[in-house]
Structure formats: C-alpha cells, structure tokens
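Peer 1: Chains as they are written, first to last, in this note's numbering: chain A, 1 to 259; chain B, 1 to 375.
Hints should not be assumed to be uniformly reliable.
To be verified - In silico DSBU-like cross-links for lysine-lysine, where the CA-CA straight-line distance does not exceed 30 Å: (1) A:Lys166 with A:Lys49; (2) A:Lys56 with A:Lys29; (3) A:Lys166 with B:Lys241; (4) A:Lys223 with A:Lys61; (5) A:Lys132 with B:Lys241; (6) A:Lys109 with A:Lys132; (7) A:Lys195 with A:Lys49; (8) B:Lys187 with A:Lys49; (9) A:Lys109 with A:Lys166; (10) B:Lys172 with B:Lys210; (11) A:Lys223 with A:Lys115; (12) A:Lys56 with B:Lys135; (13) A:Lys49 with A:Lys191; (14) A:Lys109 with B:Lys241; (15) A:Lys49 with B:Lys135; (16) B:Lys241 with A:Lys115; (17) A:Lys195 with A:Lys29; (18) B:Lys204 with B:Lys187; (19) A:Lys29 with A:Lys191; (20) B:Lys187 with B:Lys210; (21) A:Lys166 with A:Lys132.
The set of hints was computed from the structure by calculation and includes no laboratory data.
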Amino acid sequence: MSDALIELVDIQKHFGPVIALNGVTVSVKAGECHCLLGDNGAGKSTFIKTMSGVHKPTHGKILIEGREVNFESPRDAMTAGIATVYQDLAMIPLMSVTRNFWMGREPEKRIGPLKFFDFTRANQVTMSEMAKMGIHLRSPDQAVGTLSGGERQTVAISRAVYFGAKVLILDEPTSALGVRQTSNVLATIDKVRKKGIGVVFITHNVRHAMAVGDRFTVLNRGKTLGTAERGNIQAEELQELMAGGQELAQLEGSLGGTV
Amino acid sequence: MAESQPTAAPQKDERVREMSSLRKALIRPELGAICGTILVFVFFLSIASDSGMFAPEGIFNWGTVSAQFAIIAVGACLLMIAGEFDLSVGSMIGFSGIIIALMSVQWGFPTWFAILVAFALALAIGALNGYLVVKTGLPSFIVTLAFLYILRGLTIFIAIATTRKTIIGGVKDAAEGDPIAWLFGGKVFNWLFVWLADLGVVGKFVAGPKAGQPVVEGIPMLMIWALILIIFGHFLLTRTKFGNWIFASGGDAQAARYVGVPVNRVKISMFMFTAFCATIFATCQVMEFGSAAADRGLLKEFEAIISVVIGGALLTGGYGSVIGAALGALIFGVVQQGLFFAGVESSLFRVFLGVILLLAVILNTYIRRMITGER
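All chains should be built: construct the whole structure from the sequences, respecting the hints.
Peer 2: Structure follows, in structure tokens:
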C-alpha cells in the first residue's frame, strides 16, 4: 500500500450516541479513480468530511504518503493537497468565472504602494485552464450562473487541479445532472486521473461509477464492505452491496433492471 | 433518476455570437441607475430649468444633498454586497455628532480629539455589530435594529444627562483654528470660484457683508469626502483581492469559507466601514451646522439602503456596484431638491421616491437576470 497518496485506516466517527462511521478503510492511489458507493445515510458524507478535515475522526488514522496526519481544519487538508468539490457549494453563481476560480487565492500585482487584483493574468489562466477541460467560455467575466451544472462542476474541478490538488474528492458530482452533462463530468474525471491525481468519486449511481472507476468501495451503515478492482465486480453486485440485501434485487427484477 | 431527464445541451458557440459588444457594454449592474439618472435629469431640465436648479448655487444645493446620501450609501453598498444590513446608520450619525459636540463644547477637549474619539467609538460599535452578527448567526437586520434603538436612546440620554438639552451648539467657535476640523466643515477651491465669478460664469453677491464674493464659496468638503469614498469603494470592490472576498462573503458564505476566504473578518470590517461612513457624515454635518442634535440622522439608514438598491445591488448580497449606489444617491438628491425647485408640494416627494424605487428594482432585477443567468 506504499503507493497510496492517502490512506484512511479503520475510521470511526461518533456523533454523540450515533455511530456514523464504524470502521472504514479506504486508500487512494495516484492516477486512479476510486469510487465510493453507498445509499443515502451510508456515511458517505461523513466520511468525505473526515477526509477533507471538516470532522475529526473519533478513532482511526489518516496517512498521507505513509505519514500519519491530523487535520485540525479544512485548511490543513487543503495544504496537504486534498481538495473537495461539493455538489452544491462549489461555485457562487452571481460571481464571474474568473472571480470564482481565484476565490481565496487571488493573484495580485503591485502598483506603487497599492496591491490590485491582477485580472489580466487571472483571466488568461482561467480561460486556458477551462479550455484544457474542454469548456470554451464566452468570456471570463461571464457569471457562473450562466453555466450549466456540469460546466460549474468542471470549473470547480479545474480550479482544484490548477491549485495543486493531489487528491480530489468529488461529492456526488453527477447526481443533479442530465445525460450529456454527466458524460462531460465523467470525461473531466478521466482527464484529471490521467494527470496523476487520485480521484475519489462519491456517487450512488452504479452506472456512473462503472463508467470511470478503477476501484470500488461500498459503504453500508457506516462500514466498508470491501474494495474491489475494476473487472472483478459486476454492476449488479455493487448494486446489491449498496442496498445490503435482497429487497432491491426483487424490486429491480420487477422494474426490468432499470434502477 | 436525474439522469433520465436530459437538459438543454450547452451550445457555446451560438452564445458567443448572440451577444454584441454594444449589448455587453450596456449590460452592467449600474445600467438601471444610469437610465434613472438620465431620466431624472431630463425630467427636471424640462420642468424646472428656469427655477435656478441648474445655476451654480442650485447645482451645489442638490449636489450637497446627493453627496450626503452618497457618503452613507457607499458604506451601505459594500456591506450589502457582503451580505448584511446596517439599520443603525441613522442612530450612529446622531450618536457620533453628539459625542463630538459634547466633548469639544461641553468638556472642552480640542475638536480634533473629539473627532478622533467619535471615530474610534463608531468603529468599535461597528465591530460589535459585526461580531454579534457573525458569532450569533442572527440576521443582521435584527442585530442592527436593536442598535438603532440602543444608540438613539443612549444619544438622547447622554445629551440630556450632561446638558439638559438635546441640541448642543457652539461647535463652530470651539473648532476655530482646529488642525483637522476644516477637513469636514471647510470649503476648498475658493480661488476657482473667485476666478469664475470674475469671468461672469458664477454670480457675485451684490449687497451685504459678502458683497463682491462669488455666490459659491467653494466645494464643500462633504462633496470631496463623497468622491473619495466612492472612488475608494469602487476600487476596493472591483479591483482588489478584498473586493473579491466581499462578493464571495455575500454570494455564498459557506462556499467562500471552504476555499479559505476569511468571511467573518470581511463582514466585521464592512460593518466598521459603514460606521466609519456614518461618522464622516455626522462630522461634516456638525461642522457645517455648528451644532449637534440627538435626533439627527433619523431614517438615514433607509435612505442609504434605497440609494444602494436603486443602484442595482441585490438585497440578499453578493451583487452590486458602488458607482450604482452613488448614482442612486444622486437620483435621490436631485429628486428631493428638484421637486422643491419645481415648486411641487413637498409631500409628493415620497410618492415620487416610492415610484422610482419600484421602477428601479424591477429594471435591476431584469438586468441582473440577464447577467447572471439567475432563474
């Protein structure tokens, strides 16, 4: 496991009497897309929040490139190269693409004693980074609100990549998107992976996971049910593991395998 | 399943062609305010052009009133873009004024010291407002509404307890020869107007103690302050890193925090800036009138907010423009004084204002939808 960028070993998280995570072990390697699957309430959100420094684990350890770390805040995780793109909190729609892209890390240029936002450089970098991801903006001052949901996710992803993320956590990036936008986002994930970044793709959609995933980990009731390599597992098995029982299989049968 | 509902595919290339450069230049947050300004000027030029409204004295009359609105509007604008309100601006104006008058006249401190203390107190109260909003997570509407009453009550109490009056006069005499008082009450560029008067552009007093002097003595410092604040606010908002943080804090505080924007610091400093603007207003007023009254600044918070909203800012934060707010203040000042020049019954001013406010907000909502793709 020495080639793992980040390893989370036996993570437990308790919120008072509620055990949200009860021993989750996941590792992410460079250049892989690790899909984290689970139904609502399985502990996916708690787990990625632990990974990105929002929550501190009650028990268990986090290793980055083999060294144990303690994240006190999301900022620590970001410094360690862990970037998280949240589904609905990725972008501020009223602000321009450039302003969003550089938010919190604005480039500055000095004019006399004063420091100004360097828009020339910021716009240039934004346009070229977006073009690399296959999005051609009308102009960098375009408000993010004018972009589609998939494009917004892509802006957020390319922002994370540009600022040196080693591990990119995507929280249900496709769950609110249409077919075409979903395939755009999946294509973006593929591009990011090829740069050697470890991608953690959280989803409850097995088909999206199968489309890009290299490894699959299923969470159910706060526990990992094991990790499988691509090619060693079928979509139906993943579906069954997520649901944790026969019920869904029966349901699926009656729906003609469309779930 | 979300996947089974195809949404409109992005047609980027078509959109590139759709927007002409003229349209792009026009579509900006200030567009509504620019239209409003033109409309208001055309209106008053046609109904009140022979009333002296557009003679030099007339221009300075509505110019001063607009500058007053602009000073508090700049503060309110940046704060509103950062996602918060300050309803205590009016009370802060009364409070700062009384502090200055009390300290310089009643207690005999030098005026410059009184002014500095007023600014320090105002900034501290602004910071307290901000701290309470940020720490409690309560809407700033409620927190600053509380301060609207607390400050107003304290102001009246302090004035009565120390002088048995709510109006303290004699500030002009106390401020005579003060090193910084002129920064607020003085007039500059007198030579310019003397020269213009000699050229016959500006009239001269023909009788009285000021005979031979131009009717406009100079540009009041109030206007200079308004210009400085507008330019400062505009550059801060649109050209700096901090400006980006202001937009981000108001647009979506949580998203901004996730990328490391110090949202609390931004909001608290904007509350302090609003208090600072209110104190500039108060100091200018006290220096000009030579007195302070505990009831000064009544309803100013709403006038500031109205100017900002006419200027195209979004009440929920994250969107707006300082130039727009300044134009909003100009519209406000021109309408208020213009109706007086036009001899219109003064009670109709509020009707007029309400109509303008409504029209401006409708137009601005439409413009904003075009820019931001809001639905």
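Peer 1: All the hints need checking, so say for each whether the structure fits it.
Peer 2: The hints, checked one at a time:
With a C-alpha separation of about 17 Å, the suggested pairing of A:Lys166 with A:Lys49 holds against the 30 Å cut-off. The hinted pair formed by A:Lys56 and A:Lys29 meets the criterion: a straight-line CA distance of about 22 Å does not exceed 30 Å. Among the hinted pairs, A:Lys166 with B:Lys241 is consistent with the structure: their alpha-carbon atoms are about 26 Å apart, no more than 30 Å. Of the pairs offered as hints, the one joining A:Lys223 and A:Lys61 holds, with about 15 Å between alpha carbons and a cut-off of 30 Å not exceeded.
A threshold of 30 Å between alpha carbons decides the hint, and for A:Lys132 with B:Lys241 the separation of about 26 Å falls inside it, so the pair holds. The hinted pair formed by A:Lys109 and A:Lys132 meets the criterion: a straight-line CA distance of about 25 Å does not exceed 30 Å. A hinted pair counts as satisfied when its Cα atoms are at most 30 Å apart, and A:Lys195 with A:Lys49 qualifies at roughly 24 Å. Proximity of B:Lys187 to A:Lys49 is assessed by CA-CA distance (about 59 Å); at most 30 Å being required, the pair is judged violated.
This hinted pair checks out: A:Lys109 and A:Lys166 have alpha carbons roughly 28 Å apart, not beyond 30 Å. The suggested pairing of B:Lys172 with B:Lys210 holds, with an alpha-carbon distance near 19 Å, which does not exceed 30 Å. A threshold of 30 Å between alpha carbons decides the hint, and for A:Lys223 with A:Lys115 the separation of about 50 Å lies outside it, so the pair is violated. In summary, the hint linking A:Lys56 to B:Lys135 is supported, as the alpha carbons are separated by about 22 Å, within the 30 Å threshold.
Restraint check: the Cα-Cα separation between A:Lys49 and A:Lys191 comes to about 24 Å, which is no more than 30 Å; the hinted pair holds. Between A:Lys109 and B:Lys241 the alpha-carbon distance is near 10 Å, which keeps this suggested pair within the 30 Å criterion. With a C-alpha separation of about 23 Å, the suggested pairing of A:Lys49 with B:Lys135 holds against the 30 Å cut-off. At most 30 Å may separate the alpha-carbon atoms for a hinted pair to count; B:Lys241 and A:Lys115 meet this at roughly 8 Å.
Restraint check for A:Lys195 and A:Lys29: satisfied, since their Cα atoms lie roughly 12 Å apart, inside the 30 Å limit. Taken as a hint, the B:Lys204 and B:Lys187 pair is honoured in the structure, with Cα atoms around 17 Å apart against an allowance of 30 Å. Note on A:Lys29 and A:Lys191: the hinted pairing holds, with a Cα-Cα distance of about 16 Å set against a maximum of 30 Å. Simply put, B:Lys187 and B:Lys210 have alpha-carbon atoms about 16 Å apart, close enough for the 30 Å limit, and the pair holds.
Straight-line distance between C-alpha atoms of A:Lys166 and A:Lys132 comes to about 18 Å, which keeps the hinted pair within the 30 Å bound.
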